[in-house]
Structures are given as C-alpha cells and as structure tokens.
Amino acid sequence: SQTIHQWPATLVQPVGSPLSLECTVEGTSNPNLYWYRQAAGRGLQLLFYSVGIGQISSEVPQNLSASRPQDRQFILSSKKLLLSDSGFYLCAWSVESPPFLFGSGTRLTVV
Amino acid sequence: GNSVTQMEGPVTLSEEAFLTINCTYTATGYPSLFWYVQYPGEGLQLLLKATKADDKGSNKGFEATYRKETTSFHLEKGSVQVSDSAVYFCALSHSGGSNYKLTFGKGTLLTVNP
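Order-wise, the sequence lines are chains A and B. Taking the working numbering, I'd label the letters of the first sequence as residues 1 to 111. Taking the working numbering, I'd label the letters of the second sequence as residues 1 to 114.
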C-alpha cells in the first residue's frame with residue numbers, strides 16, 4: 001500500500017537555528033513530491049515541488065530550501081530559522097495527477 | 001492565475017443540521033476540483049473530487065457538484081455529526097507541464113455541537 005511518513009510531528013526551535021524536516025513515501029516509484037505550509041489564519045501555500053531526484057522547484061522566495069536525495073525522500077531545510085517560519089508543514093505526493101496523499105504534518109514553532 | 005475562494009468560517013452548527021460550504025474558483029482550462037478535510041492535529045485527507053463539468057463527487061454523506069457555468073464546487077451534507085468537526089479545504093488541480101499542482105482555498109473551520 002502507498003504510505004507517506006513525515007517527522008517530527010512537532011518541533012520547537014529558537015530563532016537562528018537550523019531546520020531539517022524529512023518526508024518519505026512507500027509503495028510507489030518516481031512520485032511527484034510537494035512541501036506545503038499552513039500558517040496561522042492562512043490557507044495552504046505550496047513551497048516546493050519535485051518531479052525527480054535532484055529536481056526542485058520553488059514556488060515562493062523564502063528562507064527555506066528543499067532537496068530530494070533519493071526517489072522517495074524529500075527534505076525541507078533552513079540554515080537560520082525566522083519567527084515567520086512557524087507553521088504547519090505538510091508533505092504530499094502524487095503519481096502523474098491528483099489526488100495527492102498528504103503526510104500527517106509537522107507543527108513548527110520558532111521561538 | 002488559478003485561485004480558489006471559499007467561504008470564511010468559522011461555521012458552527014448543531015448536530016443533524018444542513019451544511020453548505022461555498023467554493024468558487026478561477027482557472028484556465030478545465031481543472032479537477034477537490035474537497036479535503038483536516039481533522040484536529042492531522043494532515044489532509046481527500047474527501048471527494050470531480051474531474052469534469054457536472055460531475056458530482058460524494059463520500060461519507062458529503063456531496064459537491066462541479067458547476068462550470070458558475071465556476072463553483074459547493075460542499076453540502078444533509079445532516080452533520082459531531083465527528084464532522086474539522087477544517088475543510090476546497091482545491092483545484094492544474095497541470096504545469098509534467099507536473100500537477102494543487103491550489104487551495106483558505107479553509108473553513110466547521111464545529112458541530114451535540
């Protein structure tokens with residue numbers, strides 16, 4: 001069966017610290033992978049997507065970066081977190097077309 | 001560009017009440033339309049979808065009809081339950097070459113009281 005794992009579930013980090021969130025999928029190959037952010041009072045914003053290993057597209061300029069070192073692994077990173085990076089981060093995947101399967105999310109609080 | 005506008009909440013209903021959450025969209029071409037649900041503390045789950053005009057998506061008592069003439073995809077349920085309390089997101093998919101993207105509305109928080 002197709003599953004998606006995302007961790008950690010919650011994270012509290014000080015301003016200026018680095019960030020690494022990981023997402024892995026199982027039961028599929030060559031998926032399209034996505035990182036979304038849900039900020040308080042706002043909807044879901046697409047941050048990055050990837051159609052293959054090493055291929056990353058950024059949707060909005062920001063303090064974050066993404067990498068895809070393996071076919072089914074997608075990593076969201078930051079060198080120095082800002083307060084505005086707080087939010088609920090969701091990883092998702094699809095094969096060719098929606099619907100997307102979403103992970104359970106990481107709630108990040110930058111203090 | 002593509003966008004989704006859904007009614008802002010929060011929406012508070014009593015159990016067994018009728019639910020409507022409005023959703024309209026702006027898109028080029030013929031997108032597919034979706035409703036996702038997010039239960040407290042969890043990720044998003046697909047609730048229903050429609051891929052072409054006049055299609056009706058349905059699941060768990062929820063329904064939505066793809067109306068091209070009014071560019072709408074309103075979510076309805078005849079009798080809500082406490083367990084339906086969640087955030088509901090309307091979304092459309094559009095193709096960017098070999099990749100599909102989902103554009104979401106801002107979400108509508110539904111609270112159902114016993």
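Simulated from the structure, these hints should not be mistaken for laboratory data. Some hints here could point you the wrong way.
Taking lysine to any residue and the SDA-like style, the derived pairs with C-alpha atoms no more than 25 Å apart in a straight line are [claimed, not checked]:
| id | chain 1 | residue 1 | chain 2 | residue 2 |
| --- | --- | --- | --- | --- |
| 1 | B | K49 | B | G9 |
| 2 | B | K101 | A | I56 |
| 3 | B | K60 | B | G1 |
| 4 | B | K56 | B | T70 |
| 5 | B | K106 | A | Q62 |
| 6 | B | K101 | A | S104 |
| 7 | B | K101 | A | P14 |
Now for the hints, and whether the structure bears them out:
In summary, the hint linking B/K49 to B/G9 is supported, as the alpha carbons are separated by about 22 Å, within the 25 Å threshold. As the CA atoms of B/K101 and A/I56 are separated by approximately 14 Å, the hinted pair is consistent with the 25 Å bound. Between B/K60 and B/G1, the direct Cα distance comes to roughly 32 Å. Violation of the 25 Å bound is thereby established for this hinted pair. For a cut-off of 25 Å, the pair hint linking B/K56 to B/T70 stands: about 15 Å separates their Cα positions.
With a CA separation close to 20 Å, the supplied pair B/K106 and A/Q62 stays within the 25 Å bound. At roughly 19 Å between alpha-carbon atoms, B/K101 and A/S104 fall within 25 Å of each other, so this suggested pair holds. For the proposed pair B/K101 and A/P14, the alpha carbon gap of about 32 Å is over 25 Å, so the pair is violated.
Consistency with the previously given hints fails for numbers 3 and 7, ordered from lowest to highest.
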